[in-house]
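S.K.: Chain by chain, the residues run as shown.
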Amino acid sequence: MTEQRRHRILMVSDFFYPNFGGVENHIYYLSQCLLKLGHKVVVMTHAYGNRSGVRYMTGGLKVYYIPWKPFLMQNTLPTFYGTLSIIRTILIREKISLIHGHQAFSTLCHEALMHGRTMGYKVVFTDHSLYGFADVGSIHMNKVLQFTLADVTEAICVSHTSKENTVLRSGLPPEKVFVIPNAVDTAMFKPAPQKLGSDEIIIVVISRLVYRKGADLLVEIIPEVCRLYPNVRFIVGGDGPKRVRLEEMREKHSLQDRVDMLGAVPHAKVRSVLISGHIFLNSSLTEAFCIAILEAASCGLLTVSTRVGGVPEVLPDDMVVLAKPDPSDMVQAIEKAIRILPQIDPQAMHLRMKKLYSWHDVAKRTEIVYDRALRCSNQDLLERLSRYLTCGAWAGKLFCFVMIIDFLLWRLLQLWQPDVDIEVVPDIMHFRHGDPPEDFNKDNS
Amino acid sequence: METSGNENLSQTQTKWRKVAYGGMQLGFDDNHTDDSFLEEMVMNANVVKRDMLKVMLDSVSISQYLCIVSLVVLVWAHTLGSTFNENSLLLLDITLLGSGFFVLLLTAEMLSFHLLLNYVLKISYFITGLYALSPIYHTLTRSISSDTIWALTTSLVILHLFLHNYAGSTVKAPGALDKPTLSSNISLNSSIVASLLIASRLPSRLHVFAIVLFSLQVFLFAPLVTYCIKKYSFRLHLGFSFGLMAVTLGFVYRFDGLVFVVLLGVLVFVNLVCPWWLIRIQEYKFEINGPWDEAKLCFNITD
Chain A
131 MTEQRRHRIL MVSDFFYPNF GGVENHIYYL SQCLLKLGHK VVVMTHAYGN RSGVRYMTGG
191 LKVYYIPWKP FLMQNTLPTF YGTLSIIRTI LIREKISLIH GHQAFSTLCH EALMHGRTMG
251 YKVVFTDHSL YGFADVGSIH MNKVLQFTLA DVTEAICVSH TSKENTVLRS GLPPEKVFVI
311 PNAVDTAMFK PAPQKLGSDE IIIVVISRLV YRKGADLLVE IIPEVCRLYP NVRFIVGGDG
371 PKRVRLEEMR EKHSLQDRVD MLGAVPHAKV RSVLISGHIF LNSSLTEAFC IAILEAASCG
431 LLTVSTRVGG VPEVLPDDMV VLAKPDPSDM VQAIEKAIRI LPQIDPQAMH LRMKKLYSWH
491 DVAKRTEIVY DRALRCSNQD LLERLSRYLT CGAWAGKLFC FVMIIDFLLW RLLQLWQPDV
551 DIEVVPDIMH FRHGDPPEDF NKDNS
Chain B
-11 METSGNENLS QTQTKWRKVA YGGMQLGFDD NHTDDSFLEE MVMNANVVKR DMLKVMLDSV
49 SISQYLCIVS LVVLVWAHTL GSTFNENSLL LLDITLLGSG FFVLLLTAEM LSFHLLLNYV
109 LKISYFITGL YALSPIYHTL TRSISSDTIW ALTTSLVILH LFLHNYAGST VKAPGALDKP
169 TLSSNISLNS SIVASLLIAS RLPSRLHVFA IVLFSLQVFL FAPLVTYCIK KYSFRLHLGF
229 SFGLMAVTLG FVYRFDGLVF VVLLGVLVFV NLVCPWWLIR IQEYKFEING PWDEAKLCFN
289 ITD
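So the protein lines, in turn, are chains A and B.
Numbered per my numbering, the first sequence spans residues 131 to 575.
Numbered per my numbering, the second sequence spans residues -11 to 291.
Possibly wrong hints are sitting among the right ones.
Cross-link-like lysine-lysine pairs, in silico, DSBU-like; alpha carbons within 30 Å at most [said to hold, decoys possible]:
no.	chain 1	residue 1	chain 2	residue 2
1	A	K225	A	K320
2	A	K273	B	K6
3	A	K527	A	K320
4	A	K527	B	K3
5	B	K218	A	K466
6	B	K218	A	K454
7	B	K6	A	K320
8	A	K325	A	K166
9	A	K306	A	K527
10	B	K273	A	K306
11	A	K372	B	K284
12	B	K3	A	K494
13	A	K485	B	K284
14	B	K3	A	K484
15	A	K399	A	K372
16	A	K494	B	K6
17	B	K218	B	K42
18	B	K42	A	K306
19	A	K382	A	K466
20	B	K284	B	K37
21	A	K527	A	K399
22	A	K454	B	K42
23	A	K382	A	K192
24	B	K284	B	K273
25	A	K494	A	K166
26	B	K37	A	K273
27	B	K284	A	K273
28	A	K382	B	K284
29	A	K399	A	K320
Take a look, some chain B residues computed to stay more than 10 Å from chain A by CB distance [said to hold, decoys possible]:
no.	residue
30	T21
31	L92
32	S192
33	F287
Coverage of chain B stretches by chain A, computed from C-beta distances (three or more under 8 Å per stretch; other residues unrestricted) [claimed, not checked]:
no.	stretch
34	77 to 87
35	267 to 280
Don't read these hints as lab results, they were simulated from the structure.
Think of the CB as a built atom: it goes at the ideal place given N, C-alpha and C, for glycine as much as any other residue.
Modelling step: build the complete structure from the supplied sequences, incorporating the hints.
M.R.: Spelled out as structure tokens, the structure:
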């Protein structure tokens, strides 16, 4: 029996509770499963409104809401060295051994990884989204990502398409990138106890109504499907700038009794909306990995989706019908779904999903990545600087300069506020019902 | 024995599949990179291969416009130096107007009598308005020092050249499809302000009227006329451009030697050096497309 090394992990991202979303859920569930495996997990994010300071969540998950307000799209202001002091304090207080940053779009993540490398910690980065190469925003984002990933220990992507995209954007060697997909909480997303009647077919759509999620495709598809099939009804949940277009479409084709617009659906009510339908429709134009499809499949719905990004990898072919992001193709896919609907058994689908996806499996695979990361050798400043120089003729030298300044600032901080002066947090073991009491003196280093 | 050995071999050789479900694939690590990695990547799908001669011929329209602007600045310099008097300027204006209309009649495709009458009416309104407003322009910048005026004019003319729409025409030609963009509007406005600033330094109101009419004629209508010439016949366009370049260089040589050298240098740079440079750096173009791209909607979104 190999001895499990207990890791002490700091998860960093701008996106966490009380926001709900793919990245937020991923961090939360992964942290909970890692806690159950016996590791210590601490989460760091920015302040949300009045919510600032240290909070504890289920299972003893400690969350540091550092007192920085978000300034643009949930991101903190990127001052290069402003967060050095507080990150150093947290790392020393909690005796962290490894930093895990999430989402390329999060400035706090990039800063934490940069400071972590300066101070000699091992870092792991998870990328949750796909990005392009051609527009100005993407070019800058990719350069920043290249900087951060020049010296990362290991990287994780949520799908194989996302791995290809990340490798192209950042220039990492493909062997350094692990593919560990998201999962779904099958205990929460259970199908309806009784199978729904099949005289009326209900198609559910739950997504933010924005351009990226294909709301314009919906405007073209819904009237066509309603015309072809008189017994089909739509339930549209979610809000956004394109909601106006959907309402107009509803008025124009007089579909008020066949299309229900629910508005924004809180996360706790998503299941109840899902189990009221037979088919789940996803029309997004780009997705690295679509968790909404997993939630729908776990509730026993047959999925119809656009074939974009990482979606073809997510579900087996008999649980999803894929189509090109083109209205006529999507209508044909919905027709096929309606045809094969009688063969679908929600309970069987739910049991299959339990075997295919599980957060515990994700946590175990992530633990393997952590083990590998911690086995890597330490590198001093000069060796690391040579990695940054490969980023580009001008950019490489700029990045080296930034890292040298960071190193000097760290040394200055060490002189001003020595490591021994920072108080270390004692380990608190949490009891769970039915577990025998843990021995506090057992040393897990 | 052999069969069990073969069975073991086939078990560990289960094919790696590009799927995310089902947990870790048996026999493969999570960072396994299959041979099909980056198989669906498409490189440089939309890149146009450029031909040196064609690029050089296209750059002739840029140097043609540069010559036109340098001729305008030359007329300004001569007027400010009292080499031209107001009568010769007025004669120049009328000649230009007449020849512009003549060229338009010859080369524009969709010119009907009604449209022509429309143009004549608008131009007469324009000229009348300018004549009425010229006293205002005459005293507009009396309190501003001359140095400021020269500096402002120079920067406005350079801004105008930078933002000018060399491909089309800001004033919509009959039958043209391009909508004017923001930068072409800014460039037009800066050229008009520059001509008004220069006009305000002149001695009499008639001077002001003549120079403003001349500048505005050229800046507003020269792109239109050159666009019509280009659409009518490319050879005519080339001949006209080279003739214009020769005439400009001749006049500038008589005016000042240093300016002549600068203008010659700029023309050589635009016509010869820039096409070569553009084609040389085309090799570095690296356009990446693949399954990770955001899907493009094939229909137009009508609000």
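S.K.: With reference to the structure, classify each hint as holding or not holding.
M.R.: Status of each hint after checking the structure:
| no. | hint | in the structure |
| --- | --- | --- |
| 1 | A:K225 / A:K320 | 39 Å, violated |
| 2 | A:K273 / B:K6 | 28 Å, holds |
| 3 | A:K527 / A:K320 | 54 Å, violated |
| 4 | A:K527 / B:K3 | 44 Å, violated |
| 5 | B:K218 / A:K466 | 55 Å, violated |
| 6 | B:K218 / A:K454 | 43 Å, violated |
| 7 | B:K6 / A:K320 | 27 Å, holds |
| 8 | A:K325 / A:K166 | 35 Å, violated |
| 9 | A:K306 / A:K527 | 24 Å, holds |
| 10 | B:K273 / A:K306 | 27 Å, holds |
| 11 | A:K372 / B:K284 | 17 Å, holds |
| 12 | B:K3 / A:K494 | 23 Å, holds |
| 13 | A:K485 / B:K284 | 35 Å, violated |
| 14 | B:K3 / A:K484 | 23 Å, holds |
| 15 | A:K399 / A:K372 | 22 Å, holds |
| 16 | A:K494 / B:K6 | 20 Å, holds |
| 17 | B:K218 / B:K42 | 15 Å, holds |
| 18 | B:K42 / A:K306 | 46 Å, violated |
| 19 | A:K382 / A:K466 | 27 Å, holds |
| 20 | B:K284 / B:K37 | 24 Å, holds |
| 21 | A:K527 / A:K399 | 51 Å, violated |
| 22 | A:K454 / B:K42 | 39 Å, violated |
| 23 | A:K382 / A:K192 | 51 Å, violated |
| 24 | B:K284 / B:K273 | 22 Å, holds |
| 25 | A:K494 / A:K166 | 11 Å, holds |
| 26 | B:K37 / A:K273 | 28 Å, holds |
| 27 | B:K284 / A:K273 | 25 Å, holds |
| 28 | A:K382 / B:K284 | 25 Å, holds |
| 29 | A:K399 / A:K320 | 13 Å, holds |
| 30 | T21 | 4 Å, violated |
| 31 | L92 | 40 Å, holds |
| 32 | S192 | 51 Å, holds |
| 33 | F287 | 7 Å, violated |
| 34 | 77 to 87 | violated (count 0) |
| 35 | 267 to 280 | holds (count 5) |
Checked against the numbered hints above, the structure breaks hints 1, 3, 4, 5, 6, 8, 13, 18, 21, 22, 23, 30, 33, 34 and satisfies the rest.
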